[in-house]
Every structure is written in structure tokens, then in C-alpha cells.
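J.: Residues per chain are reported as follows:
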Amino acid sequence: MDRQKMFIVHLWNNFVRALRSLWRGLREGSGDADYERYLASRSVRESSSMVLTRAEFYVEQANRRYSRPNRCC
Amino acid sequence: MKRALRVAAWIAVAIIGAGSLAKIAVHRGEPINAMWFVAAALGCYALAFRFYSAFVAAKLLTIDDTRATPAERIDDGRDFVPTNKWVLFGHHFAAIAGPGPLVGPTLAAQFGYLPGTMWLIAGAIFAGCVQDFVILFFSIRRNGKSLGEMAREEVSRRGGFIAQIAVLAIMVILLGVVALVVVNALKSSPWATFTLAMTIPIAMLIGLYLRFLRPGRVIEASVIGVALVLFVVVAGQWVANSPSWAHVFTLSAVALAFALIAYGFAASALPVWLLLAPRDYLSAFIKAGAIFSLAAGILVVRPNILMPPFTKFVDGNGPVFAGKIFPFCFITIACGAISGFHSLISSGTTPKMILRESHSRLIGYGAMLMESFVGVMAMVAACAMTPGVYFAINSPSSIVGATADAAGKTISEWGYTLTGTTMTDLAKLVGEPSLLNRPGGAPSLAVGMAQIFSSTIGGPHLLSIWYHFAIMFEALFILTVLDAGTRVGRFMIQELGARVWKPFGRTSWLPGMLLSSALIVGLWGYFLYQGVIDPLGGINSLWPLFGIANQLLACVALVLATTIMIKMGRLRWLWVTVLPMIWLVTATMTASYQKIFSANTRIGFLSLAQSLAAQLAAGEIPAAKIADTQRVIFNQRLDAVVTAALALMILVLIVEAAVQWYLLLAKRRPATIHETPYVATAWAGNFTGIAHGDD
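Protein chains in written order, with the numbering used here: chain P, 1 to 73; chain S, 1 to 695.
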């Protein structure tokens, strides 16, 4: 009985873990997580200059992304 | 034991892949099932990825995972962001896969299913994937430098300049031709026009949301946006059925062309966050959804391929575009087999985000295999419909006639049964006034996709919704290329202009911005307008021009890769890049020569110009058409000059590189490569993700 319960818990944990990594992949892939990654980057951690707000970062990132070839035929 | 199992599994994959390929190659008679195409493609890709890409990685490139990548060393949170392998694979695939692999194979289906399918599979494995992979790797080793910068450093200053001009040329022609594809899909179609027009305010709404309401919350904004877009796909039907509204959205080809030109200008001049970025988010989600559902649809429906392996148009008189299989099949299908444009992505964003050198194999080689598979699916969708219908949709009216009955008669005479009522019934089913004479590939692909989707969900009475969903997906897809491309083109023009006059290069200077935007829009707008008024349908002359320009860029990339490999002393494996380069140069040069000089007026630009001029001189052209004819003559000559200029650039580049190679091989010049110095990685061996997050 106990083993069965443990197995179900194990299964459930794996399921939750898979969902969580799927969600994280989606957030990283879509650009949703860009700001957190910016905050975690070395340039922010190691430099004392101004850190951009979420809105500033979003606009800056969009400007940067669309000024070089980023979509192909 | 384990090893024996693995060997046995790969032998099985090889048998399935090669067997399916042989089956579609030698099969004649009865319609063949699409599953053979899927099996052949997937089997070949699996083998190529497992063995050929591993060989390239180990022998040619000697990938070194102890070396820190630019993303690790620089890590600025903006461009240089260490990214999970699969996330970056998705990013890279989304960036390289545009409308090209959908349109090219659809057009090439006029030769029959075999030439295009073979080139898609073999071209990707031996040319396209290799190009993307090696350029990505060389760019990683150079801090993510662009193709132009690398060509300047490693080949010569002139090589770099040719790359820069080639990029601008391909951009202009590409934008003109994809805009033409949209025009041909939307002309006199209120439903499709309404749907696409509505995506603009939807994108702006999402833009405002992402800028002010919930900055940077891309997923929730995209979910709202996609829901709205799906709603306007359905709402288009109500617009098309209401006479007063239908009238507003029924536009002629010329009117649509000007609307697109205005849109391109607005997208280039408006702030990025308002229109460009949100539209890109929308289209990314819809693109992924549509491609996955096409794959699922093909697997579920398993349609029969009705197109023969070869049609009679291998003789070069095809109605969709003129010219024989060699060289035209190989420049018509560029994206999907090899596309020079990819080398810009491989030397742009991706190398700056890669975590480990070894990931470049999956991302460089693997993503291109996936794009090739998209091309094979487009080929399946085009070949699963009745050949007669395929030709009626894709041929210009000057060849098959403007009415359904005339088209039915002409096409039946070619040996592909078609009655006029088939076309009118089909048009009614998909909710369009007419499906005739819509060259460009998008409408026929949409019909193919709609037929596959509706056999899974909804049956015939959902055909119209599926058709307009597919059209919306393709058009949205193309608009993303159009607006992003226009903006990048604007920056290129400003960069070139700054060589002459410095202030022009300042991207925030308003007059400079407006002028350069107008210039780039004017350039591609001219090609678009030329295509719209072309008596042969435009695609016939513009798509080959685009193919030639794209392959020119691929030549630049392969020449660069070969030069670097010579400098690295990898002479034994030089054939890996040299053979595709020779093939590409041969096909491109032959195509350029024929497009300029062929005596066939449907192929040769100059012979058409000459024949029209002769008719004009003989007074055979009615007075009302004289001005138009003069314009067509001018355009044909212009196209000849553009083709000649592109071909000349290839020749100069090859000669330039050959001299370099000789000097290097004869040891008359030191082999200095410009790699960034080795820095050992600080990350543990099994690091696979970004170092943050909740668990």
C-alpha cells in the first residue's frame, strides 16, 4: 500500500517537474523571461551602473533586436 | 550488447530511409502515399544528423567544449545570453524558417514531385545544413561576428564589401517578391484582406499592452493576440458576406501593392515596440501552431500524392515559371535546401547565445534539417491536390486564360483533367470569388493545407475557415519578413550612406530615418509594382531573381568557410564545403546566363524586351497599351542588368578567393586566422541550463 502511494507521489512529482520545465522553456523561448535573465547576467551583477527597469529593458531590447537581420526568407 | 543494438537500430533507420527514397524515386503509375515522403525525409535526416554532422563537427571543425563561448565570456544580458540548447534551437529555427520553404517547393511542384523532393533532402543534408553549421561555428569562434565582418577579415576587404552589397540586394528582391506573393493571395478577396488588415490594429494593441500595461509579459499578451487573430479569421466571413463591407475590402492588385508599401514604410518609421515587435510575437505563435498542425494533419490524413513524379514541364515550358529542371529547380527551391540568408542568422543572434560549442551541431545543422522538412511538407501539400487544380491556381491568365472554362480547357489539353466547374465549385467552397491565376504559391498551399485539415476536422463546410486560416498564417508570416526586413534594410542603407556623409548614419536623426525608409521601401516597392503589372505574372521573373541573389549569398558563405578551413589546414576535408560551392556556382551562373540571354521570351529578359520592342515598332500594340508595354520593356532590361550584376559579383568573389587560396596553399602568404584567443570554460561539464530560476 505504502509503496503504491510512494509510486504515485513519485509519478506526480515527475509530472509537475516536466510541466515546470516546459513552462520555463516557453518563457525563455518567447522572451517572457528576458528581463530576469538580464538581471541575472554578469554585466548587471558586476557593474555599478544604472540597472534598467522592466519597461526600459523591454523597449531597448526590441530596438536592438529589430535593427539587424533577424528573420529569414 | 548495447552497442550491437544501437548498430542494428541505425541499420534499420538506413533501410527505411533509403528504401522509402528508392520507392518514391522509381515509383510510377498509381498515386503514391505521402507517408513514403515523410519516411524518406526523416530517415535520411536521422542518418545525416547522426553521422555526417558528427563527422563535420569532429574532423572539420574540431569542436572543443572546454572553450568558453562568447555567451559565457561576455554575458551582458542583452545580446550575449547563455541559452538552453533546445530554447536556442527554437529561436534559431523560428528565425531561419520564413515563407521561402513554403513557396519554393510549391512552385517547383510544376516539374512533378520528384526533382523538388530530391533536391530538398539532398541539398539540405550536403549543402544547406553544412553552410549553416560551419558559419555558426566560425562566428562563435569570433565573438559572434557577422558574415560581412568575417568575409572582410578572412577573405579580403572586397569580399566583405561584396557580402554587404549582396545582403542589401537579396533583401530588396526578397521583400519585393514576398510582397507579390501576398498581393496575389489577397487580390479581390475581401475575407483574406480584412483578416490581414485587422492584424495591424491587433498588433498595435498588443504593443501598447506590452509597453505600458504589463511590460515584457510576452506570453499573456500573445495569448490575447492569437485569440483576437483567430476571431478575425472567422469574422472575415461576415465581412465577405456583407455587400457594403465586402466592397471596402475588395482591392485590386495595384491598390494592395500600394497598401503594402505604405505599411512597410510605417513599420520602418514607427517605434519598434508599437508594431514590429508585437506582430512578431503573434506570428511566432501562429507559425509554430500552423507548422505543427500541418505535420499532424499529414500524419493523420496520410494523403495520396496525385502529382506524377515528373510532369511534361521538365521540358522548360512550365506555366508557373519557365525553364528546365537544371538550373531552375535549384534556384527556385533555395530555402529548404540551401539558403544564403541563413548565414546571416548563423552569424547574427545565435552565436552570441550559444552555451557550448557542441550545441552548434544541433542548432546549426539540426534546425536546417527541420526547415527542409517544412519544405517537404509544403511539397506534399501541393502534390496532394489534383494536378489540374494546382496548375489553374498557379498559372498566370496570359497562359491558361482568365475564365474557369478557358483554364479548364487549356489545362485539360496539357493532359491534366480539369473542368471549369471544378474551379468554380472549389472557389465557392473556400469562400473566394475565384481561385484562378493566383501565382506565388500561397493560395495553392492554403488549398492543400485546407484540404488536409478539413479531412481531419470539420469536413467540407469548414474548408473555407481552414483556407483563410492558412492564408492568414502565410500572409502574417510574410508581413513579418516584410516589416523586419524593411527596417533592417533601412539600417543598411544608413550604414552605407554614412560612408558618403556621416550624419546620415545616425539612426535617430529624423530626416535621415525618413529618407532611408523611403529609399528602401521605394526599392522593393519598385520590384513589387513591376511584378504586379508583369504580363507573365511577376513570379516568373522575380522568383528566379530572388533565388539567384540568395544563392549568391550562399556562395559568399561557402567561400568564406573554405578560406577559413584552408587557413586552419583542414585540406583533407575541404570537399565538404567546396563541392556544394561548385554545384551552387554552376547552377546560379547557368540560371543567370539563361535569364539574361535565352532566346525563349518566357525565360530570357532581353529576348522578351526585344520581342515587345519589335511589336511596338511594328505597331501591333494597341494605343492604350503602349505606355504599359514600354514600362514592361524597361523592367525586363532592368532585371537583366540586376541579374548580370549579381552574377558578376559571384565571379569577382570566386576569382578573389581563388587568388587567396593559391597564395595560402603556396605558402606565399601567412595563414593568419582571426579567432578570439582560447579561454577555458568556468562551467561544470554537465551544465545545460541558465543559472537562475526557482529550482
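Since the hints were made in silico from the structure, they are not lab data. All values derive from a computational prediction rather than experimental measurement. Hints should not be assumed to be uniformly reliable.
Pairs of lysine to aspartate or glutamate residues, derived as DMTMM-like cross-links and limited to a Cα-Cα distance of at most 20 angstroms, are as follows [what the hints assert, rightly or not]:
no.: 1; chain 1: S; residue 1: K85; chain 2: P; residue 2: E46
no.: 2; chain 1: S; residue 1: K85; chain 2: S; residue 2: D64
no.: 3; chain 1: S; residue 1: K85; chain 2: P; residue 2: D2
What follows is a set of in silico ranges between Cβ atoms, one per label pair, in the way DEER data are often shown [claimed, not checked]:
no.: 4; chain 1: S; residue 1: R506; chain 2: P; residue 2: R45; range: 51 to 57 angstroms
no.: 5; chain 1: P; residue 1: R20; chain 2: S; residue 2: V655; range: 43 to 49 angstroms
no.: 6; chain 1: S; residue 1: A22; chain 2: P; residue 2: R45; range: 35 to 41 angstroms
no.: 7; chain 1: P; residue 1: R20; chain 2: S; residue 2: A122; range: 57 to 63 angstroms
no.: 8; chain 1: S; residue 1: A4; chain 2: P; residue 2: D2; range: 39 to 45 angstroms
no.: 9; chain 1: S; residue 1: N33; chain 2: P; residue 2: A55; range: 40 to 46 angstroms
no.: 10; chain 1: S; residue 1: A12; chain 2: P; residue 2: L11; range: 29 to 35 angstroms
no.: 11; chain 1: S; residue 1: V641; chain 2: P; residue 2: R45; range: 30 to 36 angstroms
no.: 12; chain 1: S; residue 1: A122; chain 2: P; residue 2: E60; range: 40 to 46 angstroms
no.: 13; chain 1: P; residue 1: T53; chain 2: S; residue 2: L579; range: 34 to 40 angstroms
no.: 14; chain 1: S; residue 1: A406; chain 2: P; residue 2: A55; range: 56 to 62 angstroms
no.: 15; chain 1: S; residue 1: E220; chain 2: P; residue 2: K5; range: 58 to 64 angstroms
no.: 16; chain 1: P; residue 1: K5; chain 2: S; residue 2: L5; range: 48 to 54 angstroms
Ideal Cβ placement from N, Cα and C applies to all residues, glycine included.
J.: If a hint holds in the structure, say so; if it does not, say that too.
T.: Now the hints, each set against the structure:
no. : hint                               : result
1   : K85/S x E46/P                      : violated, 26 angstroms
2   : K85/S x D64/S                      : holds, 16 angstroms
3   : K85/S x D2/P                       : violated, 39 angstroms
4   : R506/S x R45/P: 51 to 57 angstroms : violated, 32 angstroms
5   : R20/P x V655/S: 43 to 49 angstroms : violated, 57 angstroms
6   : A22/S x R45/P: 35 to 41 angstroms  : violated, 57 angstroms
7   : R20/P x A122/S: 57 to 63 angstroms : violated, 41 angstroms
8   : A4/S x D2/P: 39 to 45 angstroms    : holds, 40 angstroms
9   : N33/S x A55/P: 40 to 46 angstroms  : violated, 53 angstroms
10  : A12/S x L11/P: 29 to 35 angstroms  : holds, 32 angstroms
11  : V641/S x R45/P: 30 to 36 angstroms : violated, 55 angstroms
12  : A122/S x E60/P: 40 to 46 angstroms : holds, 43 angstroms
13  : T53/P x L579/S: 34 to 40 angstroms : violated, 53 angstroms
14  : A406/S x A55/P: 56 to 62 angstroms : holds, 59 angstroms
15  : E220/S x K5/P: 58 to 64 angstroms  : violated, 37 angstroms
16  : K5/P x L5/S: 48 to 54 angstroms    : violated, 35 angstroms
Violated hints for the displayed structure, listed by number in ascending order: 1, 3, 4, 5, 6, 7, 9, 11, 13, 15 and 16.
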